[in-house]
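Kindly generate the complete structure, drawing on both the sequences and the hints.
Protein chains: 2
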Amino acid sequence: MTEIQRLAIDAIRVLSMDAVQKADSGHPGTPMALAPIGYVLFHRHLRHNPANPSWPDRDRFVLSAGHASMLVYSLLHLSGYDLSEEDLRNFRQWGSTTPGHPEHGHAPGVETTTGPLGQGVAMSVGMALAERWLANRFNRPNHQIIDHHTFAICSDGDLMEGISHEAAELAGHHKLGKLVWIWDDNRITIEGATALALSTDQERRFQGYGWRVVHVHDGNDLEAMDLALAEAKAETERPTLIVLRTTIAYGSPGKAGTASAHGAPLGQDEIDATKRNLGYPSLEPFHVDVAAREHWSACERKGARLEEAWRARFAMYRTEHPELAEELLSVLDGELPADWDEKIPDLSAVEKADATRNWSGKVLQGLAARVTNLVGGSADLGPSNKTDIVGAEDMSSATPGGRTFHFGVREHGMGAVMNGMSLHGGLRPFGGTFLVFSDYMRPAIRLAALMEQPVVYVFTHDSIGLGEDGPTHQPIEQLAALRAIPNLVDLRPGDAAETEVAWRVAMERRIGPSFLALSRQKVPVLDRSSLASAEGLRRGGYILAESSDGAPEVILISSGSELSIALDARERLEAEGVPTRVVSLPSWQLFRWQDPEYHERVLPRSVGRRVSVEAASTFGWERWVGLAGASVGIDRFGASAPAEVLYERFGITAERVVDTVRRLA
Amino acid sequence: MTEIQRLAIDAIRVLSMDAVQKADSGHPGTPMALAPIGYVLFHRHLRHNPANPSWPDRDRFVLSAGHASMLVYSLLHLSGYDLSEEDLRNFRQWGSTTPGHPEHGHAPGVETTTGPLGQGVAMSVGMALAERWLANRFNRPNHQIIDHHTFAICSDGDLMEGISHEAAELAGHHKLGKLVWIWDDNRITIEGATALALSTDQERRFQGYGWRVVHVHDGNDLEAMDLALAEAKAETERPTLIVLRTTIAYGSPGKAGTASAHGAPLGQDEIDATKRNLGYPSLEPFHVDVAAREHWSACERKGARLEEAWRARFAMYRTEHPELAEELLSVLDGELPADWDEKIPDLSAVEKADATRNWSGKVLQGLAARVTNLVGGSADLGPSNKTDIVGAEDMSSATPGGRTFHFGVREHGMGAVMNGMSLHGGLRPFGGTFLVFSDYMRPAIRLAALMEQPVVYVFTHDSIGLGEDGPTHQPIEQLAALRAIPNLVDLRPGDAAETEVAWRVAMERRIGPSFLALSRQKVPVLDRSSLASAEGLRRGGYILAESSDGAPEVILISSGSELSIALDARERLEAEGVPTRVVSLPSWQLFRWQDPEYHERVLPRSVGRRVSVEAASTFGWERWVGLAGASVGIDRFGASAPAEVLYERFGITAERVVDTVRRLA
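As you go down the protein sequences, you meet chains R and S in turn. Going by our numbering, the first sequence opens with residue 1, and the numbers climb by one from there. Going by our numbering, the second sequence opens with residue 1, and the numbers climb by one from there.
Hints listed in this document are in silico derivations from the structure and should not be mistaken for laboratory results. Computed from a predicted structure; not experimentally measured. One should not assume that every hint holds.
[Said to hold, decoys possible] Just so you have them, the derived chain S footprint on chain R, three or more residues with Cβ under 8 Å:
1. 92-98
2. 162-170
3. 318-330
4. 441-451
5. 465-473
6. 477-489
7. 619-625
[Said to hold, decoys possible] In silico negatives: residues of chain R with every beta carbon more than 12 Å from chain S:
8. 157
9. 254
10. 335
11. 543
[Unchecked claim] Quick partial rundown of chain S residues pointing at chain R, CB under 8 Å, derived from the structure:
12. 99
13. 100
14. 161
15. 196
16. 207
17. 338
18. 409
19. 471
20. 472
21. 473
22. 486
C-beta: ideal position from N, C-alpha, C; glycine also.
Structure below.
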């Protein structure tokens, strides 16, 4: 290691220690350990342009061990991204671009939000899949317009999380040769030595997944790291795991190699001692040597050259393949094609009873016909979720440009891969499973919502209506649990027409995820000629059927497969002379976003006699029915029996709704 | 295979086909494939007594591939458990003991509820750990009172799920030599060939985990299976994976080996063809040959002998070690010792501000001193969760009788292992992580609630009050999402006194899980001399501070670290002449279980001016504040900054509460 390299690397250590100390909070040890690999990666290997963090063909870098955020902030700062020393000094402060864990959309160059362990590595798989898909679709002979690698740095914790298994299996199965994970093998966890809870031979494990495994025995050996990365990049058939042996808090005389260096400031004395121990030229906080800065600035020059060369290549590509080039730019911008909805079947007035999952499948085919970057599938429930794109090839290692993705029984991995695809840009991913198994993928759904990614979840078998599979498969609390996630748009359409509009809403959304909750069982036809248009779904809730005299004394609120029960109850009440309105509420989130006037129009304050009916937990329904109203729902787990029996036994019936109305004051 | 063996095995196939056909719903293919291994296991290897499914020293059997429920129902029926042909005929019907997926507490002999893939295998690890722990604690020289194996049958789907990774890593790390997983390697998933989504070399993968791997190349080769199981049982240092190559729907001329045999009835014609193809003596549905029945009845005779011998051994043990024997019987019954709470510190009147997580840690030490079967730990956040049992050994392969368990960064595995320990009997498990990461373990929490297991989750860092780690670590919607789960008791204590009572409630609960939501940050001392006793927590919610005149015009409702904010707001309102009551609502679930009179007493209908304050999503709060009230909470994701700044910025302050009250009609 040359003197200047040492200075350039120690600058990362120093900035990390100092920022954590100043914030009086954070994780200094890992950035200190990983400073050399960060240097080798950012300075030598990563094809990136600090001046333009959104250059489409840049290599992607994911710090899956998000607690080591000061590593990536230091690297971004030193290599010339728009991240100032002032930003570093504001580490972990309100409104700063340098939050405690890296957050997408804050510091430029942060490709994704990490911190919940395992998510980063799993998202990196989605990014690598997206790269290959786009390369397959858009590259042409002599035109390698999309051609980049995806690197992720991960911790022991990342590899212990189950999601790492799901993601690594998928990466191996798909032969993602351009994916590289660097495992920080530091033998330390929060509770102490990793040996307390881990004896896995990761090399064997990853070889089992079909990965190549490369070892670097000293996390300060630049040439070994260089070689390992070169080997990884030369590999085209297998993803690579680089096992990097490091020492947490390297350089700290008192804390190197100890768990205490993980999650707390080192303390000013220890920081000073470390700087002295490293032979750092100054004790001044945030000091970076001029020569080190100059050395780092090579990243900017190299990055500018790389992007310039790409732009020249892209210009030639655009000349020879103008339509493809426009399409590429359009999908990278996240735009829908102008004719995106041309092939969606008109479901506004169907006459056949069917399950909403089937209507969804039909809409999906129409979407897929025009939205050519719509890709997705199911966690091994495609035939049930109706998520296959008919006639499309599978996305596989043999046919990487295919569009139906077999996620396997890996809901959590699916969620993260969808996030990675979406973050990469160029794809509109969707993924399906049973609604109850949304529980398996909640951490990934939450990240999609936090990062505002427009992914679409297709959750079928959305109630006890699935019948005999019983309580393990029947969602009860899932609707409430999902509706509670900020930024996530819930969509539980009740007939063909609403299903069509729900998909439209989900696709038109540019910012944030949506899910469709769809029935396994057939739902009756809603006669839209005598009911309001399903376009009302766009506002979340709407008056589906007005009371006969237009002045309701009772409001029934419902969604999805229970809409027809509400309509049935309304008829009975009207027959008894009770003016009754039915409100369809397929999306709480969309409805909440409406103005108070609209809320008042749909749910007038003056009508306190309100009853909700939904075959799910009543949790949260008081928001719409208030304390004067009541909810017909299911506040226990389900049971195994035919669907009709369950609706009867659990009292999700028009009779019970009418009865509940009668009991209201 | 002898003729009688063939008949005995084909009986499983026939019962499975016929029951699925009669229910017109279910999964026939896998029971047909696994009939031989089921036979070898139940007839030859499993040490169980059909006459007493709760014999404590029985081998445990888990059908992780729960969709193949007819396999276990057939086995239980044929081997003599109290499960009649009538029960099989009622497969998947309302109120039957034979629901679509095996449910604990329904058919006798079903050790756990399975169906959500991966959960069964993960729970089996908890069972094997419990066995070893109990053996270590209670066995004495010449007295092997606890000495049994745990077997699980799993599918490709089980092994794809991330939780299988977490559980298998733990099993390997803990050298669970008495754990055996049998993998149904049928090369078929719902979407088609497993090769669509899977290329993992499971042998390498599991060897990486430290498992022994044994192959059986033909799922109908009884002697090979016998040998494999014998080898597995002879192994003491490593868990064993038996790779069993099978053919789904074996015997069916038209559907064997196809995905179509997975999840739907075969159809009567195909069933008849299958019976003919198998040379089965009758086409009569549910027919079991008399000789086959007689052959199966050996299980009952052998089982009775086994348990009798054990009872004789236990009687001798009881004579020589009367106290140990009583303790064992007591913990197996799930009873707390008479003096269980003797060492709990009295926190009813502490004078020091501290975090509720710290108070929790103190209570835990007191509990651990007397409840000797209280075992648990954290998913690598012990120092933060305060879940270490001070002075106790770690539970490890070297010290299997230890009590602090290092789950590693494996929240989901932790949840399932806790379930397995609890189901096994003899242990009271607890497990900790940050509240936000409850998302990672939701499917296991849900199963605990469904199976009514008295496990305790210790969720610390329960709000934005954790500060700088930012939105990925700050729970917002988690409280609502957990409160929506049926049977799960939420406990969010607000001071030392409530923390003590919360732990008491959780420990006293025999049926169903509980979680504690605890603060990272210090909470102010609540002066209980002028406030109501924290014993009120037992009813979920209670009047913490009455309005000065006893006739409140305003009610503030709060929980946890926000209680002091509510009390502060009350003082300001009272100073303005507004009679204000503060209700502490640490447990929605417990409060919901109170009678209407109590609800009316705490939250009288006549007082509509109610404001809630909780540093979390307001989702669901209308249940308590109604439409006339309002909620001070956080309906967006958090941010990275010091805790005080966040409370201020997000408006979780007394000022805002007062302001909100003023705006109410």
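Results for each hint:
Requiring three or more residues with a Cβ within less than 8 Å of a Cβ of chain S, the coverage given for the stretch 92-98 of chain R holds, as 5 such residues are present. With a threshold of 8 Å between beta carbons, the proposed coverage of the stretch 162-170 of chain R by chain S holds, since 7 of its residues qualify and at least three are required. Note: the stretch 318-330 of chain R has 0 residues with beta-carbon separation from chain S under 8 Å; the three-residue rule is not met and the coverage is violated. With 6 residues having a beta carbon nearer than 8 Å to a beta carbon of chain S, the stretch 441-451 of chain R meets the requirement of three or more and the stated coverage holds.
Under the rule that three or more residues need a Cβ within less than 8 Å of chain S, the assignment of the stretch 465-473 of chain R holds, with 7 such residues. With 8 residues bearing a CB less than 8 Å from a CB of chain S, the stretch 477-489 of chain R meets the requirement of three and the coverage assertion stands. Coverage of the stretch 619-625 of chain R by chain S holds in this model, with 4 residues showing a Cβ closer than 8 Å to a Cβ of that chain against a need of three. Not every beta carbon of chain S lies more than 12 Å from that of residue 157/R, the smallest distance being close to 4 Å; the non-interface claim is violated.
Every beta carbon of chain S lies more than 12 Å from that of residue 254/R, the smallest distance being close to 18 Å; the non-interface claim holds. For residue 335/R, the non-interface assignment is confirmed: its Cβ lies about 26 Å from the closest Cβ of chain S, beyond the 12 Å cut-off. Listed as outside the interface, residue 543/R is consistent with that label: its C-beta sits roughly 19 Å from the nearest C-beta of chain S, beyond the 12 Å cut-off. The beta carbon of residue 99/S comes within 3 Å of a beta carbon in chain R, closer than 8 Å, and the hint placing it at the interface holds.
Taking 8 Å as the C-beta cut-off, the interface hint given for residue 100/S holds, the closest approach to chain R being about 4 Å. Among the interface hints, the one on residue 161/S holds; its C-beta lies about 6 Å from the nearest C-beta in chain R, closer than the 8 Å criterion. Hint status for residue 196/S relative to chain R: holds, with the closest Cβ pair at about 4 Å, below 8 Å. The interface hint given for residue 207/S holds, since its Cβ lies 5 Å from the closest Cβ of chain R, which is under the 8 Å cut-off.
The beta carbon of residue 338/S is not positioned within 8 Å of any beta carbon in chain R (closest approach about 34 Å), and the interface hint is therefore violated. Look at residue 409/S: its Cβ gets to within about 4 Å of chain R, closer than 8 Å, so that hint holds up. Given hint, residue 471/S at the interface with chain R, holds; its Cβ is 6 Å from that chain's nearest Cβ, closer than 8 Å. Among the interface hints, the one on residue 472/S holds; its C-beta lies about 4 Å from the nearest C-beta in chain R, closer than the 8 Å criterion.
Interface restraint check for residue 473/S: the shortest CB-CB distance to chain R comes to about 6 Å, inside 8 Å, so the restraint holds. Satisfaction of the interface hint for residue 486/S is found here, the shortest Cβ-Cβ separation to chain R being roughly 5 Å, below the 8 Å cut-off.
The structure fails to meet hints 3, 8, 17 from the earlier list, while all remaining hints are met.
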